[in-house]
Each structure stands twice: as C-alpha cells, then as structure tokens.
Amino acid sequence: MKLINVIGASLVLTAFVGRAMEPNNSVNEQLFDAVKNGNCALVKHLLNLEEQSSGDLRLNRCNEKHRTLLYVAAKSGHLDLVQLLLDKGANSNGAETGEKDGEDDDSQMYKYKHLTPLHAAAKKGHVAIVKLLIDRGAHVNALAKNNWCSPINLAVENEHIPVVRILLKHGAQMEICDYESYSPLARAVQIGNKALIQMLLKNGAEINNKYEDDSCIPPLNAAVTEGNLDIIRLLLDEGANVDGWSFEGCDEFRWTALHEAVKNEHVNVVQLLLKEGANVNSGNEDDGYEATCTPLHVAAGLGATKVVKLLLRYGANRVAQNSDKKTPLYVAFENNHLDVVDLLINYRSDFIDCEQLYGAALHGNVKLIQFLLDKGVDVNSKDSSNKTALHAAAQSGHLAAAQLLVKNGALVDAKTTENYTPLHSAMEDSDVDSCLGGKERQIIEGKTQVIKFLLAQEADVNAQTNNNKTPLYLFVKNSSYYPDGHCAQVVKLLLDSGAYSNTQSGNKTLLHYAAANNQPGVIKLLIAHGLDVNAQDSEGKTPVICAGLRSSKLAIKALLDNGATINCKANNGSTLLHLLADTHHANLIELLIAQGLDANALDSEGNTPLHCAVTSNRGSYDKCHLVVKALLSKGAHITPIPRNQRTLLHMAAMNRNVALIKLLIAQGLEVNAQDSEGNTPLCLAVRHQNQVNVEALLSYEASIRPDLLSNRTLQKAQTNRLNLSQAKEFKTIAQLLNKRAYAYPLIEKQVNDKRQELFQAIKSNNVGLVAHLLKQGFTLSTCDKEGNTLLHKAIESKSLQVVTLLLSLGAHKYIGKANKHGFTPMDLLVSKQLVGILHPLISNSQAHHEVGLKRKR
5 MKLINVIGAS LVLTAFVGRA MEPNNSVNEQ LFDAVKNGNC ALVKHLLNLE EQSSGDLRLN
65 RCNEKHRTLL YVAAKSGHLD LVQLLLDKGA NSNGAETGEK DGEDDDSQMY KYKHLTPLHA
125 AAKKGHVAIV KLLIDRGAHV NALAKNNWCS PINLAVENEH IPVVRILLKH GAQMEICDYE
185 SYSPLARAVQ IGNKALIQML LKNGAEINNK YEDDSCIPPL NAAVTEGNLD IIRLLLDEGA
245 NVDGWSFEGC DEFRWTALHE AVKNEHVNVV QLLLKEGANV NSGNEDDGYE ATCTPLHVAA
305 GLGATKVVKL LLRYGANRVA QNSDKKTPLY VAFENNHLDV VDLLINYRSD FIDCEQLYGA
365 ALHGNVKLIQ FLLDKGVDVN SKDSSNKTAL HAAAQSGHLA AAQLLVKNGA LVDAKTTENY
425 TPLHSAMEDS DVDSCLGGKE RQIIEGKTQV IKFLLAQEAD VNAQTNNNKT PLYLFVKNSS
485 YYPDGHCAQV VKLLLDSGAY SNTQSGNKTL LHYAAANNQP GVIKLLIAHG LDVNAQDSEG
545 KTPVICAGLR SSKLAIKALL DNGATINCKA NNGSTLLHLL ADTHHANLIE LLIAQGLDAN
605 ALDSEGNTPL HCAVTSNRGS YDKCHLVVKA LLSKGAHITP IPRNQRTLLH MAAMNRNVAL
665 IKLLIAQGLE VNAQDSEGNT PLCLAVRHQN QVNVEALLSY EASIRPDLLS NRTLQKAQTN
725 RLNLSQAKEF KTIAQLLNKR AYAYPLIEKQ VNDKRQELFQ AIKSNNVGLV AHLLKQGFTL
785 STCDKEGNTL LHKAIESKSL QVVTLLLSLG AHKYIGKANK HGFTPMDLLV SKQLVGILHP
845 LISNSQAHHE VGLKRKR
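For any residue, its number in this note's numbering is found by taking its place in the sequence shown, counting from 1, and adding 4.
Quick caveat, the hints were computed from the structure, so don't treat them as lab data.
What you were told as hints is all true, and nothing was included just to trick you.
Below, simulated BS3-like cross-link-like pairs (lysine-lysine); rule was C-alpha separation at most 30 Å, straight line: (1) Lys-824 / Lys-638; (2) Lys-821 / Lys-198; (3) Lys-419 / Lys-386; (4) Lys-561 / Lys-512; (5) Lys-127 / Lys-92; (6) Lys-557 / Lys-638; (7) Lys-821 / Lys-753; (8) Lys-633 / Lys-824; (9) Lys-473 / Lys-496; (10) Lys-386 / Lys-411; (11) Lys-779 / Lys-40; (12) Lys-779 / Lys-836; (13) Lys-198 / Lys-836; (14) Lys-779 / Lys-753; (15) Lys-127 / Lys-48; (16) Lys-135 / Lys-48; (17) Lys-496 / Lys-419; (18) Lys-633 / Lys-789; (19) Lys-198 / Lys-135.
Each pair of labels, with its calculated beta carbon distance range: (20) Leu-773 / Ser-608: 52 to 62 Å; (21) Leu-773 / Lys-732: 13 to 23 Å; (22) Phe-337 / Glu-280: 25 to 35 Å; (23) Glu-184 / Lys-117: 18 to 28 Å.
These numbers come from a predicted model, not from an experiment.
Just so it is clear, CB atoms sit at the ideal spot from N, CA and C, and this is done for glycine as well.
Take the sequences, apply the hints, and build the full model.
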C-alpha cells in the first residue's frame with residue numbers, strides 16, 4: 005500500500021510540475037521555487053514525497069545564496085509557509101548556530117555569517133512573521149557578519165515602524181552599527197523619519213556615542229549631513245552633544261557635526277550649531293588633542309566663502325594648523341580659492357566686533373549688546389553693506405534692543421549701501437516669512453512696537469531707498485503676512501505720521517498691493533487718502549484685477565463698494581473674467597458675473613473668457629471643467645477662436661480633457677467642425693497622440709479622414725473600441741479601462757452600475773461581495789463623484805470588516821487622501837470616533853497581506 009501511495013504521489017507530482025527529474029529541474033529547486041511563490045500545497049507535497057523517500061526532510065538546507073527555505077518564505081511574506089516549516093522543525097535562525105557574544109540573556113547578541121529569517125521579515129516589514137519567528141526562538145539581536153546588520157537595523161532602514169516596535173519590545177539593542185556605521189537612531193535620522201526617531205529615543209536609544217573611540221556615526225552628524233534643521237533641533241533639544249565626533253572625515257579623526265555641516269556647505273546648519281555652542285576650532289591642537297583639521301580648514305579647502313565668513317565671525321582661528329601643519333590660508337591658496345585667501349588676509353577685528361553687535365541685536369540679546377558696547381564696540385559700526393545693529397533690531401522686531409542702541413547713540417536714520425534706514429528694515433518680511441508656529445504673531449507685534457518707537461524718535465517716514473521705496477511702500481507690499489486689522493493699524497500710524505500714500509513702482513500703486521494681499525482695511529484707508537480705485541499699472545491692471553488674480557474676496561468687495569469698475573480692461577483687452585478663466589479660478593467666477601462682469605467680453609484678439617478657460621494650461625482639468633460649466637451657466641457664448649476658427653472642441657481635443665469634450669458636445673458643438681486649415685477635432689487629437697480623446701470622439705461618430713487610417717494612435721483607439729464592444733466579462737472591460745481605454749456611453753453605464761454595486765456592498769459591510777468585485781477589476785483608488793475612496797466609504801458606513809479587507813490589500817496608502825471637500829479617511833475615523841480601531845486594523849491588514857491576500861492593482 006505504501007508503495008502504491010508513493011507511486012501515486014510521484015505521478016501527481018509529475019503532472020503538477022512537469023519533468024521533475026531533469027537535472028535543471030530538481031526537487032530541491034522546485035521546493036525553493038514553490039516556497040518563493042507561496043504554493044503551500046506543492047510545498048507540502050514535495051516535503052511529504054521527500055520524507056517518504058528518504059525519511060529526512062533537510063528543512064535547513066540552503067540555496068546558492070545561503071538562504072534557507074524558512075528565509076525565503078519569510079522574505080516573500082508567506083505566513084502559512086513560515087508556520088508550516090517551523091511546525092515541521094525548521095530552525096527559526098536559519099542553517100547556522102549563532103555565536104554568542106557575552107552574557108546569555110534575552111537581549112544578547114548572536115553573530116551569524118549570513119542573514120537570518122528574522123532579518124528577511126524585518127527588512128520587508130512582515131509583522132505577523134516577525135512575531136511568529138520571535139515566538140519560535142529567533143534571536144532578536146542576530147548580527148549578520150556579511151553586512152553587520154541586526155533585524156532592527158533593517159527594519160529602521162526600511163521604515164517599518166510596527167516591526168521596530170515589536171523588536172524593541174523583545175529587547176532589540178539600539179547601539180548596533182550597520183555596514184555604513186549607522187546605529188538605528190542614526191539611520192532614522194538620516195532617513196528623516198521623525199516618528200522613528202521619537203520612538204527610538206523614547207525606548208532609550210543613545211543620542212550620543214558612549215565611548216570616545218566609538219566608530220558609529222553620531223545621530224547629530226547624520227542629521228547634519230542631510231541638512232535637516234527640524235531634526236537637528238530635535239536632537240539638540242534631546243541632549244545631543246554638539247561637539248560629538250566620529251572617525252569619519254579629515255584624517256579619519258574627530259569629525260564633528262560642525263565639520264560635516266561645513267563639508268556640505270549647509271550655511272544655516274553651520275549657523276545653528278555655532279549658536280548652540282559648537283567648538284568652532286574643533287580639530288585644533290589647542291582643544292586638547294592632536295591637531296587634525298578645523299572646520300575652517302574644511303571651508304577654506306572648498307572655497308566656501310559664506311561659511312568661512314561665518315566661522316570667522318564666531319572666532320575661528322585663522323592660524324590653526326592641521327595634521328600636515330597647514331593653515332586655512334595655505335589650504336585655500338593650495339586649492340586656488342583666491343577669494344578665501346583675500347578674506348583670511350584682510351579679516352579685521354573691528355569687522356568682527358560689528359558682526360558680533362549685529363548678531364546680538366538681530367536676536368534681541370540685550371545683555372550681549374551691553375557687553376559689547378561696554379567693550380568699546382561702536383554702536384554705529386557697519387557691516388559690508390553698511391547695516392548697523394539698529395537695522396538688525398528693527399528687522400527682527402526686538403524693541404528692547406532698539407531702545408538700548410538708540411540710548412547709546414545709534415543713528416535712527418542710518419543708511420545702508422542701498423539707502424535702507426532702520427524703519428525700512430522694520431517693514432521687511434523676511435523674519436515673518438521664515439518664522440515657525442506661534443512666533444509669527446510675536447514677531448509681528450515686535451515689529452509694530454519698533455515702528456512706533458522709531459517714529460517717536462522722529463525717524464524719516466518718507467526716506468527713500470536707491471529704487472525709491474518708502475517704508476509705507478515696503479510695508480503694504482509685504483502685508484500678506486499680516487492680519488488685516490493689524491496691517492491697517494500700522495498703515496494708519498504711518499499715514500498719521502506724514503507718510504506719502506502716492507508712492508508707486510512700475511505704475512503699481514499701494515492700492516494694487518493692498519488688493520493683491522487681501523487687505524480690505526488698508527484699501528479703505530488708502531482710498532480715503534485719495535488713491536484712485538481704478539488706477540492702472542504698466543500692464544493696464546487695476547486693483548480689482550490684482551485682487552481677483554489672488555482670489556482676494558474681501559479685497560474685491562472693498563474695492564467694488566468703493567467704486568471700482570468691474571469690467572475694466574488691461575492693455576491686452578483682458579477683463580478680470582478673462583484672467584480668472586485663464587487661471588481657472590472657478591470659485592470667483594459665478595460671484596463676479598453676478599456683480600456685473602461680462603461673460604462674453606472680448607480681448608484685443610477677440611477671445612472670450614470661455615476661450616481663455618479652454619486654451620489655458622495653468623490649472624487642472626477638473627478646475628477647467630468647473631470654470632467652463634460656470635461660464636456656460638451664466639450665458640457665455642460658444643464661438644470659434646477668431647485667429648484660427650478652432651472651436652472649443654478643437655482645443656479640448658488637444659488638451660487631453662475627455663470630460664470637457666463630452667460637455668461641449670452636449671452643448672451642441674459640431675464634432676466634425678473644421679478650423680481654418682481644415683482640421684477636425686479628431687485630426688488634432690490624433691496629431692497630439694491623445695488616444696483617449698480619439699476614442700471619445702469616435703464614440704460620437706467623428707469622421708475619419710483617409711490620411712489618418714495608418715496612424716498608430718487611431719489604430720490603437722479603434723482596437724480598444726472593438727475589444728470593449730466584444731468583451732463579455734466585466735473583468736476584461738475593467739482591464740481595458742485600467743489601460744486608459746475610453747468608456748463610451750454603454751460601457752460607462754455598465755461600469756457605473758458595477759461601481760454602485762461595489763459602493764452598496766461596502767455600505768452593507770458585505771465583505772465577500774466587495775472582495776469579489778475588487779477581483780473583477782476595481783482598484784483601491786476607485787472614487788465616487790465627490791472624490792471619496794473605498795476607504796472613505798467603508799469608514800463612513802462603519803463597515804469594519806470591509807475596512808479590514810481594504811487595509812489588508814494596501815489601502816492604508818489612501819488614509820491621508822482628501823476628497824473634494826478636503827476630508828481624509830483619517831478625518832472620518834476621528835469624526836466617527838473610530839480612532840481606537842485603527843491600530844488593530846492595521847496589524848490585521850499586515851497579517852492578511854502576509855498570508856497572501858494580494859491582487860494586482
């Protein structure tokens with residue numbers, strides 16, 4: 005009986021896998037292939053056959069890459085096969101016995117020649133497999149000698165946060181450095197993943213190297229390499245040693261974060277590190293160690309002039325010697341950086357004093373300002389552009405600093421090389437634009453107080469720069485960063501102090517800038533001071549046109565309430581409606597037409613706003629569609645473009661806008677209309693290789709010119725139409741549509757019906773039907789008319805089984821995708837009070853994914 009079973013099994017196996025006994029198709033190769041492909045039935049069959057024939061399963065055999073069956077199963081994400089192999093006795097750590105390194109405890113390191121199955125699962129992010137392997141004795145701290153990685157190194161490198169969390173829970177060591185000398189924390193920093201960084205720190209990761217001879221790259225150095233200021237600040241706040249070093253860089257010794265920042269010429273990072281107290285002369289023999297090279301040597305060798313200036317400002321030693329006894333000057337000369345040579349030779353102490361005072365004022369450090377003044381620094385000393393410390397205090401909005409400087413004799417109207425006074429500097433937007441979080445309001449308030457103070461000191465309110473800019477001009481031009489009420493308060497203060505309101509640039513008045521920046525309060529003030537509400541700039545644009553182009557609704561209302569002409573034209577004959585249509589500002593068009601804008605106004609070339617909307621490439625197709633619908637609903641005429649007699653349908657055919665083609669044909673446009681050269685919309689669609697447009701036009705019986713018959717785009721379109729018409733199964737239709745075939749009306753109805761069936765199945769939590777319809781060809785990105793994805797709809801209906809299914813198929817990538825109203829699935833989870841279920845659902849989704857619930861998308 006046993007012999008019969010063996011013969012039967014052999015016959016079945018031969019039928020199943022073909023010529024099994026040929027040399028290139030051995031049972032061993034078949035077994036590895038079956039494991040890789042997730043064919044559990046075949047794996048069981050082959051193992052049973054081997055056991056019956058030899059009595060030895062050899063579960064820990066390796067392929068030519070030293071990978072075991074369990075490794076291949078773990079890497080491929082086949083949870084059922086991992087379970088099977090472990091149950092049959094496979095070693096959870098692979099073919100080797102790990103070499104212990106130190107005390108024997110749960111968190112102990114074991115060294116292996118090659119990667120273990122846990123390495124593979126961790127690298128791929130297979131959560132359920134990671135859990136199972138650890139439960140079956142896999143060493144969490146297995147270290148593969150071929151790349152010096154542990155599982156947590158690979159999990160962090162590939163940003164698999166759930167896997168990292170599991171490994172940490174089971175004692176993963178966080179100080180193991182990989183093949184590039186990155187610890188898990190340093191790697192997370194290098195990648196820029198804040199969530200991983202915070203998780204590792206929370207679990208006790210060392211933010212600094214434990215030992216001075218540690219070869220691992222400090223996390224701070226890794227952050228500096230990438231130039232990520234946010235992460236650098238995070239690490240410094242967590243206690244990172246700003247002067248920690250590794251053995252990378254110059255002479256392989258004492259390479260600090262500052263060296264790394266200089267090497268990469270990250271000027272902002274260099275400045276931050278210096279402010280945080282980084283040793284500007286690290287690497288100099290005077291800092292207690294043998295000389296290697298200082299940051300100034302590095303900057304000089306690169307010819308990084310800005311960095312050299314910054315290092316000198318913070319006291320870099322210009323005569324420090326590196327390990328070759330060369331000074332920075334010598335290094336710069338050796339590399340032919342003559343500008344750096346000149347800078348190092350001519351750098352003066354009074355210039356350093358000025359820079360120190362300027363920096364103290366810029367940051368509002370009153371104590372340092374007083375210290376420098378007590379040391380004899382000239383309160384009116386100037387930098388290379390003639391800026392004084394008072395310019396800096398005004399620019400950054402530090403009232404106390406400004407008051408101290410003026411008290412000590414600072415000139416309130418000191419001028420830079422471009423004739424900017426401190427009052428001009430207070431109007432600049434650089435600090436407001438770059439500030440973070442709650443500091444914005446603080447800077448705005450500070451600047452306002454400085455402006456009041458300078459005016460009280462009789463600063464010249466109408467001082468002009470070299471290009472005739474006054475303080476009022478600069479403030480209004482940069483006012484987009486200021487709240488309307490606050491901005492109006494400052495403008496009133498300047499006007500009451502005698503500021504001229506008629507200043508302008510390129511014929512742009514202050515009213516143009518106030519309109520563009522949506523400042524209705526300022527608009528009213530300026531009009532009250534006599535500015536022309538309909539003044540035109542050099543392009544013929546009025547303030548109301550400027551407001552419309554920026555979608556400044558409040559400004560538009562303020563201008564119209566004060567007599568602005570709504571149908572005024574720019575130099576090219578364009579009205580506000582032409583410009584809004586060209587830039588696809590659909591939200592304003594209906595509102596302004598109701599206010600009296602002419603929907604059929606002609607520009608100097610005879611184009612209507614509708615022509616501008618269809619021919620423009622500035623917005624999305626969806627926005628174009630909305631603008632065209634809005635204009636048509638308000639009586640816009642469908643007329644050909646005068647210069648070439650092309651209809652709107654011609655233009656839509658060239659612009660890949662199928663929805664617009666359907667809309668225009670529904671409005672009565674002739675599908676076979678000819679332009680001045682005899683081209684139909686179909687001709688232009690073929691010429692521009694817009695296959696979907698070609699199919700759409702063919703579905704509306706567009707005539708085919710004989711000269712187009714040999715065109716590949718047309719032939720492909722005809723083939724798609726034929727295949728769709730002959731398709732009997734919905735899955736075939738879906739495959740064609742996913743390849744961008746055009747859904748003509750009959751097909752579109754069929755698809756819509758199926759889509760509604762899918763939506764209804766989601767709503768009723770019918771997970772079986774949802775899975776069936778997805779297999780029929782719907783993708784996870786399928787949306788309704790409002791932009792709601794399948795995940796939106798499942799969460800909205802609280803269909804948790806469907807949510808689980810969708811996540812298991814990869815829908816987590818759409819958790820942050822907003823619908824047309826700006827709501828994401830995550831927003832719905834919050835509003836439905838379902839946030840608590842998110843974590844277990846994600847865990848379940850990964851488990852489902854690992855047992856093979858996959859589909860092609």
